[in-house]
Structures are given as C-alpha cells and as structure tokens.
Amino acid sequence: MPRTDTMLYLDGVSVAFDGFRAINNLSLVLDKGEMRAIIGPNGAGKTTMMDIITGKTRPDTGEVFFDGTIDLTRHDEADIAMLGIGRKFQKPTVFESHTVEDNLLLALKGKRSIFPTLFHRRSTLEEDRIGEILAVIRLEERRHDLAENLSHGQKQWLEIGMLLAQDPKLLLVDEPVAGMTDAETAETARLLRDIAKTHSVIVVEHDMHFVRELDVKVTCLHEGSVLSEGSLDFVSADERVVEVYLGR
Amino acid sequence: MITQRLLNALGGKVLWVAAILLVIAVLVPASNLLLPVGHPLRVPNYMVALLGKYLTYAMLALALDLVWGYVGILSLGHGAFFALGGYAMGMYLMRQIGDRGVYANPNLPDFMVFLNWSELPWYWWGFGNFWFAMLMVMVVPGLLAFVFGWFAFRSRVTGVYLSIITQAMTYALMLSFFRNDMGFGGNNGLTDFKDILGHPVQASATRATLFAVTAIALAAALLVCSAITRSKLGKVMVAVRDAESRTRFIGYRPEYVKLFAFVVSAITAGIAGALYVPQVGIINPGEFAPANSIEVVVWTAIGGRGTLYGPIIGAVLVNYAKTWFTGAYPELWLFALGGLFVAVTLFLPKGIVGTVGDWRTRWRDRRAISAAKIAPSGTDDSSDPPKVVRARSADPAAPLGASKPQPAE
Amino acid sequence: MNHRFTLKSRLLGAAAMAALLAQAVTAHAQDDTIKVGVLHSLSGTMAISETTLKDVMLMLVDEQNKKGGLLGKQLEAVVVDIASDWPLAAEKARELIEVNNVDAVFGCWTSVCRKSVLPVFEELNSLLFYPVQYEGEESQRNVFYTGASPNQQAIPAVDYLMNEEGVERWVLAGTDYVYPQTTNKILEAYLKDKGVAAEDIMINYTPFGHSDWQTIVSDIKNFGSAGKKTAVVSTINGDANVPFYRELGNQGIAAEDIPVVAFSVGEEELAGLDTTPLVGHLSAWNYFMSVDTPENASFIETWHAFIGDAERVTNDPMEAHYIGFNMWAAAVEKAGSTDADAIIDAIVGVEVPNLTGGTAVMLPNHHITKPVLIGEIQADGQYDVVWETEDLVPGDAWSDYLPESAVLEADWTAPINCGNYNTETKTCGGS
Amino acid sequence: MFSLSDTPLWPAAFRAVRMFVLSLLAALLLLAPARAQSVEDLVRQLPEGSFSDRAAVVSQLAATGDARLVSLLEALAAGDLNVVEETGAVVTLSGRGDPLDATDALTGEGVGEVAKASVERIRVNNSLRRAVRAAIGQLTVMSPNRNTRLSAAGAMFQAADPENIPLLDEAIAQEDDDGVRRAMEEARAASMLRTEASADDFAAAVDVIAARGGRASLGILTSALPAASDEARPAIEAGIRAIENRLALLNVAQNVWYGISLGSVLLLAAIGLAITFGVMGVINMAHGEMVMIGAYTTFVVQNVIRVSFPGLFDWSLAIALPAAFLVTGLIGIAIERGIIRWLYGRPLETLLATWGLSLIIQQAVRSIFGASNREVGNPSWMSGSFDFYGIAITWNRFWIVLFALAVFAILLVVMKRTSLGLQMRAVTQNRRMASSMGIRTPWVDALTFGLGSGIAGLAGVALSQIDNVSPNLGQGYIIDSFMVVVFGGVGNLWGTLVGALTLGVVNKFLEPYAGAVLAKIFVLVFIILFIQKRPRGLFALKGRAVEA
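Protein chains in written order, with this note's numbering: chain A, 1 to 248; chain B, 249 to 657; chain C, 658 to 1088; chain D, 1089 to 1636.
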C-alpha cells in the first residue's frame, strides 16, 4: 500500500531512554477512516508510541508520516494538534478550573495564536457547535459547572468532547473507559463507534470487553514492537499474545 | 444591558476596585491641596507620598499576579522589571537636573563628574526627552522579559527551575548595577532629582498629581489585566497554568501564551517602577535585591492570587504594616512580617480575598440550600448561574497550579 | 449584587480612614519634650554596624536628660528602623519630621542612605547629623557631617605609610561602591602627584559581602613581591573584612611585609575575629577606643553601664555621634531654640570637646575639625596609636585632588551661603 | 625559634666557639667609634625618639651580637617591653592586677614590683618590628638549633642587608646542615645583589636566586636589574624568565585549587539543600539560617570552652560539629513537623513559609546574640598555610575541602546504604506506595528534613572559620546554594558535587581577568543560559521516570 494513502504511517521507529528501548523497530499503518484498537501489557510502549505520534517524544530512528505526506518528526505538539491529530490521555486531563463549556470552547477548532485569541468573540456558530458536542457527550446539564466537579467518567467524556471540538482527522484515545461503570463503558463504545464513522481513530485499551464491543482490527504491542495484528479473535488466539499476557 | 455586558467583560469586582481607585485619585489630592493645613480631613503631604508609594507597589503586585495567578509562572525576579522602569524614569529625571548639579556640569550627572567620566555614555542618550524616557520605561523591561521569556519558555523551563533563574536574573542585574563602571551611579543609584516636566518634584502640587496619575494608572492596569484574563486568551492562560501540556495537545503554544503574559506583566511592573521613582526620590540597585522580589510574591499571596484586586489589597496592607511596625516596634518588625508569611501560607492558602470569597460562597450555598427548601428552583436561573461560575473560576480553586493533578509531562 | 460592593468599598474606605486618622492622631499628639530622631538600620545587612549607633544615641539622650535636658525641656528619642532599605529611609525620615515632629535627626551609615534622605531634609528644612566617614564631594545646608572626609583619613594615612614605612607600591582595594571609588580616585591623584608611577598602583574592587578572598590576597602577594615596599589601602566595607583579614592572616601576609591600612575597619569589626595574626595592620580613624584621655575613659564607662556589658567596644562613628549630639545641644542652648534655621546659623563655630583630648569645631562647610590617628591592630582587638597629626585637620567637603571639585568650596554662612561655591566663576552652582 | 629551654642542652664547646666568633665580630664592629656604646646604654635608648631612630638603635644592638638581646627583642616585637618612667629601666611585666612583677628585659633578673601607672609600654610599629626581625636573624644565625638558624637565614634573606655578608660567610663556613646552608647561601646571594660586587660574585648570586624560584626571588631579581652591569643583565633576565614561566604554570594550578576550595564551600552550603530541596522538593529559604545557626553553635561551644576548658580549644570544632548537627537537625525536625508537613505538594508555598521563617530566625538570633559579628577562633591547626610545590595552601581551606568531601561521602553512604536512606528515597519517589509498605512516612519526612538541616548546621561550623558569624551569614549563601543545586540537577547528589566544583573553578578562572564582580555576574548568566539548554540541570534523570 502506498504511504500516501495512509492516515498514519510508522516505519522502523525506535526510541530509547537511558539505554532502555521503549519502542523497538515499530511499524504500524492506519488507513484513512480506520479505527484501530491497540492492546498490550504494561510497558509495551503504547503510551510512548502516542508520544511519538503527537510530537512529545522524538524517535531515535524511523519514519512517522501523517496523512501520507506530513513528516511528524519535524513538528512539535502544537503543530501536530493543528494538523489534525487529537489526543485523549490515559489519565483524564481537562482544565479543572474552567467550566465544561469553556473547556470545549478552548478546544474548538480555530486560530490558536495570541492576538486572535485575545480579541476573540464567541460566534453563534461556535455556540451551536458547543451545544451539539454537549449533547453528544451528554453533559448539557453540567454546562456551567467546573470541570473539577465532574465525576471520573464525565471527565473522560468531556475529554472526548474536547477531541470532537478540535475536529481532528485522527484521534488517539488512551484508555477511555478506565474507571468507568459497565453502563458507561458501553455508552463510550457506542460513542467511539459513532466518531469512527467520520474520523480515523486509535484506541488503546486494556478492557477486552470494550475492545470486543468496538469490533475493529487489533494490534498487540510487546516490548516496543508489534507482536500480533488482526481481528480480536485472531490476536487472542495467538500463542505469543497469550504468553505475554499470562506470563511465562 | 450594555453596562451589564461591560461589567461582565471586565469583571464586576475589579470594576468596583478600579472605581474606588479613581475616586481616591481625585479625593486624596483634592483634600491635600484644597483643605487648609491642620484640617482634620486633610491628607497630610506625608500620607500622599506614602499612599502613592503603596499604589506603585500594588501595581507591581498586580503585574506579578497576572503571571503567577493566571499562568502559573512564579517569578522571583519581578523586582528587576520594576527597577528597570524606575531607572529609565530616574535617568530622565537626572537629565532634567541639567547644569544645576553640584559641579554645574551641563552634560554629565554629578556622579559621572566626580568619577572623571568625560562624556555621556551612549545608553544615556535621549533620556532628556520625556517621551523617549517613557517609551524606555516600557520597552526596557518588556524587551528583557521578551528575551528572557523567549529562551526560557521555549526551552520549557518550568516550575522551580524557572523561579530560580528569574532570581538569578535579578541577582545578576543587582550586581551589575552596583558596579560603578556601569554608569548608573553604582550603589548610590540616581537621586537628587529636581524637576519632572518642568515642575519641581518636591512641590505639593507635583506630588498630588503624581499620586493621581499613579492611582489612575493602577486602575487602568487593573482594567487591562482584567480584560485580558476574561478574554479567551485569559482562559488559555489558566489552562496553561493548570495543565500546560494538555493545551499543547489541543494546538496552543503555551510558550507564547506565557511570553505574552510575561511581557505585559513586565511592562506593567516597569510603569509601576517609573511612577515609584519620582515619589520616593531615589532609585538604587537595592531594588533588584532578590529579597524585594520575594516580598512582592508575599504581598500577592497574602492578598489572594489569581484575583487581580487581591494583590492590590495585599500590597497596601503589608506595606502599611511595615510602615507602622518599623516606626512603632522596630525590633518586632521582622517577627511580624515572618510570622505573617507563615500564617498566611498555613491558614489562608488562598489569601485574604480567596478566603473571604470562600466564606461568602459557603454562606451563600447555605442560604441557597435553605432557599431551595422553600421555593422550587429555576425561575430566573437563566442569567444568574453563569455569573456565579465566572466569579468562582476567577479564583483559582486550588492555591497553586502545582497542587493540581498534572498531566504526564 | 450591588450591596456586596458597597460593603467592600465601605470596608476599604473605612480602612483608609482609620489609617489617616491614626496618622492624624499621632501628628497632633504634641507634648512638652524636644524630640530627637534616630534613623538607623536595626535589621537587614547594615544592622550589624548601625544598631550600636542607635544605642549610643539613646545613651546620649539619656545623659542629657540627667543633666536637665535642653532649654528646660526633657529630650525624647524617637527610634525607627530603616531596615537597610533606602527608599524606606526616605519614608521614615519624612515620618520622623512630619509626623513625629522631631527637631533633629541623627542617622544613616551608608552614603546611599544619606543621599536618599537628603531631599527630604531639604524639603522639610530639618537637620541631619551624619556620623560616618564618607567620600566627601557634598555639602548640604541641612546636613552636618561629623565623620571624616577623605582629607581627614585617607591622605594622612597614605602620608604615614610613605614617610614612616617607605612604601613605594600601592594596592588600593575596595568594595565596589561610591566611597571606595571616590577615595581611590583621590588617592590615585594624590599618589601620582607625589611621583608614584602608574604601574606601582593596583586598584581592585570586589562586591559587597565578598567572602572568597583567595585570588585577591594572592594577587596582592604577587604585586608586593616586585622588590619595592608595598602596602594595601583598604576601603573594603563592613562584612567583607573578616574573611579578608582571615585570608591575609592565613596566607601569611605579615604587617611587616605588606601592611594593610583600612578606613572602614574599627574595633567593632575586629570584635568578630582573632587578631593575633593581624598585629601591625593599620587603620586610620579620628578616634580609637584605646586613646588614653579622661573624656574617653568616662565615655567608655558610661557606655558600658548603659549597655550593661563591659566587653562592648566603642568606635569612631560612636564618637562622631557624641560630638554631633553635643554640638547640636550647644547650638540649641546658644540659639535658645530648636528651630532648624536658628540652629543652622548658630552651630557654625560651635566648639565641643572630642574624646581624644582636643576640640571639634563646626566649620562653615558643615564638616568638623578632627585629629587623624593611625593605629596598629593589637592582639587584644584594640588599636595602638602609632602616629597622629599634630594639629586638628579641618574637614574638606570638596577634594583638592579631583579636577572638577578643586575649584569648589562650601560655606553656609553669609554672604556665600552655598554648598558648592565655585571660586573661579564666583557663582554658586546647582541652585 | 630561639628559646631559653634550649640553654642547658648547649654543648660547652659549641658555646665557646660561638662566643669567640661573636666577640670577634663585635670587636670588628667596635672599630666604628659611633657605635661604641654599651648594650645597656643602647637598650635604654629603645623607648626614646621616633620609630626610625629606634630602628637604628635596634640595628646597633644586633651589631653587638649579645645573645641576651634575643629574648629582649622578641619581647619588643610582641609589644611586651615596658619602661619604668622614673628609672628608665627596660623591663617585662608579669602577674595580674596592680602592682606587677617587673623583670629586667636584658638580664632576666627580677627587679621587684612596679605600679601599673609608673610604667609605660614601649610602642612598636611595623618598621620597628621589621628591624627587630632582621636583628634577631643576625643574632641567631649561629644558634645550635637548626630551625632557629633556618628562620634566621629566612629573616636575613628578607632583610637582604649587604652588611650581613661577612656574618653569613662565617655561618655558611661552619654550617653542616644542607637545607640551612642553602637558605644561608640564598640570603647571602640576596644581600650580594644589593652590593657593587664583582661580576663573578654577581653572576653566582643571580644563579642562586634564580634556582630558588618563587615570587620573592622574582622581586629580588627585578629590583636588581636596573643597577646591574651590562654583563650581568642577560643572566638576570634569563633568571626572571625562568621563574616567570614556572610561576605561570603554578598560577593555573593555584586557580584550580582556589576553584576547588570555593567549590567545596559552595558544596557545603548547598549539600543540605540538595536534601531538603533536591530530594524532598521543599524550597527551603530558611536553609541559610540553618547554616547561620550552625555557626552560632560553634560560637557558643567555643565560648563555653574558653570559659571552662581552655585546654580543649583545639578540639572546639570537633565538639561543635555534633552539637551543630543536633541543634540544627532538631530545629529542622521541628520546622518540618510544625510547618512543612502541611505544605507537601505545594513547593512554591514552602518558599513563602520558609522565607518568613528565615526572617524570624534572623531577627531572633539578632535579639539573642546582638547584631554585630561574633568571634569564632581558628584552632591552631586551622591557621596559617603550607607550601605545596610552590602553591601556598591555607590550612583552613584545606580542611574545609576535606570536610566537604567527607560530608558528601557520608551522605552518599547514608542515602545509598542505610535503611533510613532507602526509606527516604522510597518516600520521595512514591509516598503512597511507601506508606502502604509499612514505612512511617511522616517520621521519614521529619528525619529527612532534619538530616538536610543538620548538614546545613555542619556547613555552618566550617563557614564560621572563613566568614563572619553574624545574623546575615546565611543570606550570603542561600542564592548560591540554589544555583548550585539547580545547576547540578535537582535530586542528584553527584550533580550537586559536580555543580559546586564547576561553578567554583569557573568563577576562579574568570576572576583574574574579569574581576570578582563581573566573574560572579558571568557565572549567573552562564547558569541562566545553561538551564535553557538543559532545563533540568547537569545531571538530569532522563526518560519517563522523571515525568511520573
């Protein structure tokens, strides 16, 4: 498959911290419009991979391309966010001393430089968009509450809402259902499937029930490289995967 | 409705504080100049000078609050910007002395004459011109803040490291200005001023005018800072304070946000310094001392950071206490000041304003609960809740950015 | 919403009013004493030197009251702390004069303190007695300089080294501020005048509170090993002296080889160190505690009784306060008033005994006459006077060795009435 | 030094030879009629006249060669000689109170009691002391005691008086100790260079001096240059160049040593902070005050020793060390329990609280001990210097370097090898995990802070030996300490060590070129720039471990 047709293209990526190889010759390709689930035990390199894609960590070697042509290793976090990659962190990070509404406002697609932001006036278009997103993440009632007062699950949703507000081409979602009730988990899966209709998504998750509900192609990472890739059934049948998860 | 909008845009309480400042700007000079000496309501000359000094300190604290309270940059070197603004003003005032110095040298200030300088160094050129000097009052601190911030914020120097290097900056500047070879009067600094814009600095009318200008400048600075913090950029600033890397991942550049706030803050501090110098009559390198900058942090913390008007209250209160103690109980002054810091950090982590705000919120919540018991809620909620929320969001919920759960960084 | 803000504004207003009232009340609480302001740093970096001077002032006021006060009134000392913060000094000076209504102020140590309060004394027409040796180049109508000017300390000391010790090579070491810079400028001009070559003069400046003297002491050692008799003229300030002398002692620079003559080191500074390795190093002052006169003995006795510690030393600035206070008291008696203008007229020419067996006269330039004493440090932390001027030296406000100031003269009596009278153009500059 | 206790040990033969030589010399000198005065007469002239007149008397006394004069001259230099006003007798005094016992300074015989008021001390100044030193050199150059002869030769080298040449020739002829003979030859050469000696003698003297090396030799050669004949000139110039080359090399070594010494002072000041700030994250602005309290503890300990156990003075620092550690450590624990523990996780607030605390401590010390400097003495083993291949190394600096390294090593062992250190690191890395593993975290916090403060107290003991003991002592070091810790990398003891030494050496290499003030400014600017390059200091931990 030619690189130019991909949404995300990682080839031979390695990175080491103080001699520890967190990512080891990792190659991964995501098609446009695809949703991919990534699993792997602790320390498999999932978060580091996200860091590389979002520009937080620079790889020692290897190629990282976004949207076929953009070399991500040449850009920093803010650039990459503006190029259209949104990220949700493992630990929900919303702006706690802002209201739910302001959180979304800050994330809304728009100019990010200083003076336009300083003289920004909220348009009706933005009001509508915030309303829509609030409806999607079911936080209409809490619109004017401070984010710090939300429950854990609501914070996760708010963060997803912020991703939506950014309207990225690619969403990186790190453990979206950690700490959620079963009902919330199911709801989140539904939400992500909805999102995936119009965006490319990478979901990192431990919760196998959730991954099953997503019903997408799965990549299992181990020690910084791809161990196995395919449908969840295929991957979970892979002996190496079983070995890694259950220990030797 | 328009006033209501304006009130919201600028922040209700802030507007009131600004209004009070404007009233003071008129009343104090009027009472000082118009009432006869000995009249019980007359503000004595001494008080005018003192209050003027407090207000410049308040402006410095306000400047610090913009970066510390809203962007989470704890600058331990803000005194440097204040002092640089002061030096720019001092240089103008020195040039105004002209040939009335003790050596009657028309070109050189006295201290250069007796150290055998033969000509005015190039960096003194132009300071005879008021407008140039006023420009420099803003440009010099602003430029230093820009250069310093450009490097520091882009290199992602944060937290304690940033605080310590701001301290190193002001310390290095202090040592430099102490050097006589720098051409700023060394340890003695700049003093013995005569005129400002043709008016003798020691005349009551000049003093009263300077006081009024200071109060108005402080009110203006307060309104500008308020407008900034209430804009979308202000929200980004708070976002940077609480979760810097998160803002980066949604496309903002925290380094520029910080740089903007830092430069605006430095310019405000520089203006405060420029207003300070003609009122106290001297500027010397002691203003760069790291301890002075720490004291500014303390005023801000005591008043309540992240509130804009809190630091103003803090600066005035602490300095009034200093005036009183150093006169009434000179031996106890440091015990009182030190004890105050410890007590405030332990018992009033949000400062005076934050704590009073907490009490009020609690009281209102209680009243709201009891009211809710009586009447079903929701009749005119449509306009009220946002305001309540805004009022709260202006107070940082927790004392410091660092206490927040920080994202992985 | 509105009532909250009015409450706040009321609170603020009330606080401001309370502050104003408090000031007004103190301002009107006049009683029947003559008030003397004491303006010294009791905290911060300068407290180390100035606290003693505050105590001396309290003692002098106390003694005067025992003698029946002045003009039939008791004296009252008003002490404030300027906390080594110079703008605060100006604020406190204003407070003393305007709020406490003091009739004279005794205070300041550093030049910057004096410079910062000067405009206040000028504006409010009050009196300041400044007790510390300083760089000169100043004479102000409202200020009386009871410490030494450079011609009362630096130049005689250099003369002594040149004539008695045969010094040919000079290290001028000082802290980087105005007093050492000016003094060294004057000395450099003076030495060159006396035929010392430029390469035989080394000038070195260090920051305040400098504590690592290894390099500089070894530089001095190197400079001193060029085969010519070398001496160090030290204008190193306060705190930096102890580590400097320790390093000197430890690097084995004996006074016989390279003597150090200091202008800012007195008994009080030596109290902080073991002087055995420093025996023979010199200081130039106008007073030493070891001076054997009845006046001095009684002064020391009174001091020890007042402070309740027989180990406490006395020093030159203390004597300056003693002289200044007595001069002011004599002028008050002479003028029959504490009014500043009356005192300024009356005090010129007033003679009071100093502690070294002579008399101090207030000169028209507001400086006083002083003997110059050169003392060598002894093992007990005291000085042994090895040389003194035969006559009293009148304090010179404007140095004759700086080109711009050589033509200036200060005279606060009619008809000149000017602090910087140009003897060439016959005009009074800067007014 | 010459001392009376040596007297009974003198072999009779030696004494005889010595007397013979001395009287011979005396006889020679007596040929000059102006000097034909008795020793007694000359001694009586000592109290009179100007210092320069009296210096001349001292030279005449030395010329008599009378051995009794040595102790008299030593007493004169020490300022112990007195003159009885009525009789004009020159005496030394002993005893306490009034009257005092007087002893004839020349004969050493008691002359009864004298009232304090009836005697006057004979004043000395530097030029007189210099004359006395030279005179003692002349008088003791034949002493049977090797060290006395050596110091006599040293004194004569410094005096470089041509009149000493015959005496030195004599002494060299009978000297059998190589070291002393060399010193005497050097003294002779130095004297020779001040004469109109023959070209050969002159050249030989230049060689001797050039071989000696060092600053003093350089000075002698330089001052000999203008008067030298054309033939002698090239030799002198070559000698000067040789010495200068060697000195240039030494200069580098000396700067390194000064840098290490300054660095070790910084290390001492900063290392406690590396614990409280670096390991615990408390921005401890009261750290300097802990150092100050350590110094005051030394003062108190020395005072107690001076009053009660004067014999123990040389041990005072050894006693002060544990005392200072305990005092500051306990204060540190009290601070941690009382204030800091409420502020964990709010590092910038600890800054405010501890700064307030530092003001309180400073003012408290000022109230208790007074605002002025307090005297802390150097024990004898901390005074003076020794020569290390031409570099003068002062003992106090030397011991402080060793002490700083020792404190560093001990701290390293405590942190790495003891269970307390293990618990400290565990608590600071993951408080919740540590406490769930049964570590009493509050206790460990208090001990850690106590340890950091205690080490600051130890630093105070050392700093009392080189700096002022005043309430401001701590303030002078606090900023430098923070710079060192931040420069080295927070949380890394090795970083603090390397940081302190680097800053010390950099500072000392800049100082000769830029001056002390600019050197300090450059170092600060350097730190600011360095932090831009490495925002977490020299020895920053890398990777995700830091970010957790």
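Please note that the accuracy of each hint is not assured.
What the hints assert, rightly or not - Below, in silico cross-link-like pairs of lysine to aspartate or glutamate (DMTMM-like), each with a Cα-Cα straight-line distance of 20 Å or less:
#1 C/Lys885 x D/Asp1475
#2 B/Lys480 x A/Asp18
#3 C/Lys724 x C/Glu1008
#4 D/Lys1621 x A/Asp18
#5 C/Lys878 x D/Glu1332
#6 C/Lys885 x D/Glu1325
#7 A/Lys32 x A/Asp145
#8 C/Lys878 x D/Asp1475
#9 C/Lys849 x C/Glu1008
#10 A/Lys56 x B/Glu503
In short, the hints are calculated from the structure, not lab data. The structure presented is a predicted model; accordingly, all values stated were derived computationally and were not measured.
Evaluation of the provided hints:
1. For a cut-off of 20 Å, the pair hint linking C/Lys885 to D/Asp1475 is broken: about 23 Å separates their Cα positions.
2. Annotation: proposed proximity of B/Lys480 to A/Asp18 is violated, straight-line Cα distance about 41 Å (limit 20 Å).
3. For a cut-off of 20 Å, the pair hint linking C/Lys724 to C/Glu1008 stands: about 19 Å separates their Cα positions.
4. A hinted pair counts as satisfied when its Cα atoms are at most 20 Å apart, and D/Lys1621 with A/Asp18 qualifies at roughly 19 Å.
5. Among the hinted pairs, C/Lys878 with D/Glu1332 is consistent with the structure: their alpha-carbon atoms are about 15 Å apart, no more than 20 Å.
6. A distance of roughly 18 Å separates the Cα atoms of C/Lys885 and D/Glu1325; the hinted pair therefore holds under the 20 Å criterion.
7. Distance restraint check for A/Lys32 and A/Asp145: the Cα-Cα separation of roughly 36 Å exceeds the 20 Å cut-off, and the hinted pair is therefore not satisfied.
8. A hinted pair counts as satisfied when its Cα atoms are at most 20 Å apart, and C/Lys878 with D/Asp1475 qualifies at roughly 14 Å.
9. For the suggested pair C/Lys849 and C/Glu1008, the alpha carbons sit about 36 Å apart, so the restraint of at most 20 Å is broken.
10. Pair hint A/Lys56 plus B/Glu503 holds up; C-alpha atoms about 15 Å apart against a cutoff of 20 Å.
The structure is inconsistent with the numbered hints 1, 2, 7 and 9, although it conforms to all the rest.
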